[in-house]
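Number of protein chains: 2
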Amino acid sequence: MHKIEINPQIAALPTEVFIGEGLLKSFFLKNFCTHLKGKIIIVADPLVKNLYALDLATELGAKILTIPSGEQAKGSKTCQFLLDELFKMGADRDTTLIALGGGVTTDLVGFIASIYMRGLALILVPTTLLGIVDAAIGGKTAIDTPFGKNLIGTIYPPKAIFADLDTLKTLSEKEKLNGLAEILKMGLIYDASIWETAQKNTQDPDLLLKAIQGKIEIVQQDPLERSLRRILNFGHTIGHALETISGYEIPHGEAVALGCCIEAYLSMQLNYFSPKEFEQIQTMYSCFPLKLPSTYTRTNFIHALSFDKKKVLGKIRFVLLDKIGKVVPFENTYCRAVDPHELESTLDWMENRFLR
Amino acid sequence: MHKIEINPQIAALPTEVFIGEGLLKSFFLKNFCTHLKGKIIIVADPLVKNLYALDLATELGAKILTIPSGEQAKGSKTCQFLLDELFKMGADRDTTLIALGGGVTTDLVGFIASIYMRGLALILVPTTLLGIVDAAIGGKTAIDTPFGKNLIGTIYPPKAIFADLDTLKTLSEKEKLNGLAEILKMGLIYDASIWETAQKNTQDPDLLLKAIQGKIEIVQQDPLERSLRRILNFGHTIGHALETISGYEIPHGEAVALGCCIEAYLSMQLNYFSPKEFEQIQTMYSCFPLKLPSTYTRTNFIHALSFDKKKVLGKIRFVLLDKIGKVVPFENTYCRAVDPHELESTLDWMENRFLR
Chain A
2 MHKIEINPQI AALPTEVFIG EGLLKSFFLK NFCTHLKGKI IIVADPLVKN LYALDLATEL
62 GAKILTIPSG EQAKGSKTCQ FLLDELFKMG ADRDTTLIAL GGGVTTDLVG FIASIYMRGL
122 ALILVPTTLL GIVDAAIGGK TAIDTPFGKN LIGTIYPPKA IFADLDTLKT LSEKEKLNGL
182 AEILKMGLIY DASIWETAQK NTQDPDLLLK AIQGKIEIVQ QDPLERSLRR ILNFGHTIGH
242 ALETISGYEI PHGEAVALGC CIEAYLSMQL NYFSPKEFEQ IQTMYSCFPL KLPSTYTRTN
302 FIHALSFDKK KVLGKIRFVL LDKIGKVVPF ENTYCRAVDP HELESTLDWM ENRFLR
Chain B
2 MHKIEINPQI AALPTEVFIG EGLLKSFFLK NFCTHLKGKI IIVADPLVKN LYALDLATEL
62 GAKILTIPSG EQAKGSKTCQ FLLDELFKMG ADRDTTLIAL GGGVTTDLVG FIASIYMRGL
122 ALILVPTTLL GIVDAAIGGK TAIDTPFGKN LIGTIYPPKA IFADLDTLKT LSEKEKLNGL
182 AEILKMGLIY DASIWETAQK NTQDPDLLLK AIQGKIEIVQ QDPLERSLRR ILNFGHTIGH
242 ALETISGYEI PHGEAVALGC CIEAYLSMQL NYFSPKEFEQ IQTMYSCFPL KLPSTYTRTN
302 FIHALSFDKK KVLGKIRFVL LDKIGKVVPF ENTYCRAVDP HELESTLDWM ENRFLR
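Line order of the protein sequences matches chains A and B. If you're matching positions, the first sequence starts at 2 in our numbering and goes up one per residue. If you're matching positions, the second sequence starts at 2 in our numbering and goes up one per residue.
Among the hints, a few may not be true.
Because identical chains share one entry, a pair is satisfied inside a single copy or across any pair of copies.
Straight-line distance between alpha carbons at most 27 Å, and here's what the computed DSSO-like set of lysine-lysine pairs gives [to be verified]:
1. K277 x K89
2. K312 x K38
3. K89 x K78
4. K316 x K64
5. K89 x K177
6. K177 x K327
7. K277 x K201
What the hints contain is simulated information worked out from the structure, not anything from laboratory work.
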């Protein structure tokens, strides 16, 4: 028998991240794009198309593909539509895709870029607080399936990310809360100074930069989510399941805020996290409209939980808090299997507290 | 403005390649699999299921998913079927997929492994000569689209490849020719000694090992196909277009054999390749049933060519031969744009020679 080892020399290319005001309106993005060789195609939903994509397309001589808005658009149907349109437009390997919009758009277009002809150049231009502090950063791409959220996807870092802070000025309060949920999560799992700042003023501009910096530090160390990166999943085990059973009617940030409260409660129940700090969490999240979706039943919730990507050997695993700013490391797995009977009292509390 | 660079530390894992007789029947594959943590799921078509998958599944305590056979199965429909079945079976990130079969199976299952929950462990067990010398090696995964072959896919190296040479004993002559086409291509583009050996005896067992070794050397240097790896595409620009217009009725190897002849003719027409060596090529390929598909028209052929993945800025590019064993490097691009008028006389010759 012959044994040969293939060692491909894959050098991961760095992602350049630009954060500032007026990036879309300045010549900056245009200058960056003049160095690209082939076609440029911008993908946006109808709202973002009118706000930013039409102007940007004119600037860059780019074409626009319009996708429906909302999490319901992040599925195989829109995926097939985009692939077909790209073929019809003659997109080739020199084509660059610009994903302009919120997390739905950047996740979906990132996935398309990663599978079209085995990979197109990708630029992300997040236009929501959630997109800027979380979804656009870290190279994860995804679409949802009827079985659950983000269950199909790839790790495919973009060439560049342009976070134009001016886009935040048009956001509704609801949209801002959506992003705040991920910022607060970063405070809970990684950087207690974010939590402390947010306790004084949730609008402090430092929060955004610190959250981005934290996420970058984490994903650089563990891009493929084999270990440390799992901490970013805090609040998302519960959060994703709630989104799934609601048919993606509740916004991601609201689901994550609920998930963080409930998983903090679970951390306390399992004696990792102190009741005193749990009080702080309850106070902080009172600014969110925390309600379980109207479609909630314990049965469909448990079923949705069973599709969590951290599950191994049939056991659902949770990221658990040690204290504010730190999760329990569990020998570098950063998550722990939780048996159904251990979950029971947390679900009782959750239903009692958040059922409509 | 802030500028931050994200440098993810992605270490490409090596692929272990085992080549020998009796690998499926020995305890070898089983031993390898005892080190895997989660579920094992074997994917095979009905023929391979009966020949090998049922026994292997019993050995490994694995489940089997059956897919239709033939290139027509390598599309979005089978893809959706496999993803749904995996969700229903509760496949999680600790699951290993074993692709057992020819190039269709290894390409398709590789793609599924790369996108299911952002990546499952993958083992390829190619059971055809074409699969062993070509399709299974190099980390390319793909599905076909109505626009063309392999237009959707990823680069996703498997954990291991088990090439059991006993599986070749059940192959038809047609299947053997299918693999020979890729071996001869390797002789033309990279290793003249393969060509010389094949001129004496196309059944020489050394051919298989040399072809595998050649492919590994090439893909290690350029896994993402930015440069040298393009030489493997010789014969495939024409070949893929012929497969597409035939509705995948003609076998890949036959299409590649035709493609190699025609692209060698083109290389000669453009004065890169000598008429004397072209004669050798004509002689060698006389063992193949070289006929254009019955659906061929020049119009649909040119249309299908226009979806070639090497196309940039609207121009179709070809890998061209310098001499037997060497392609023209074209400043490390290893391909050259060919204008429609430069292609004209080659298409005339092709129709004259190979039209049914």
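- Numbered hints the structure breaks, given as an ascending list: Checked against the structure, the hints that fail are numbers 1, 5, while the rest are satisfied.
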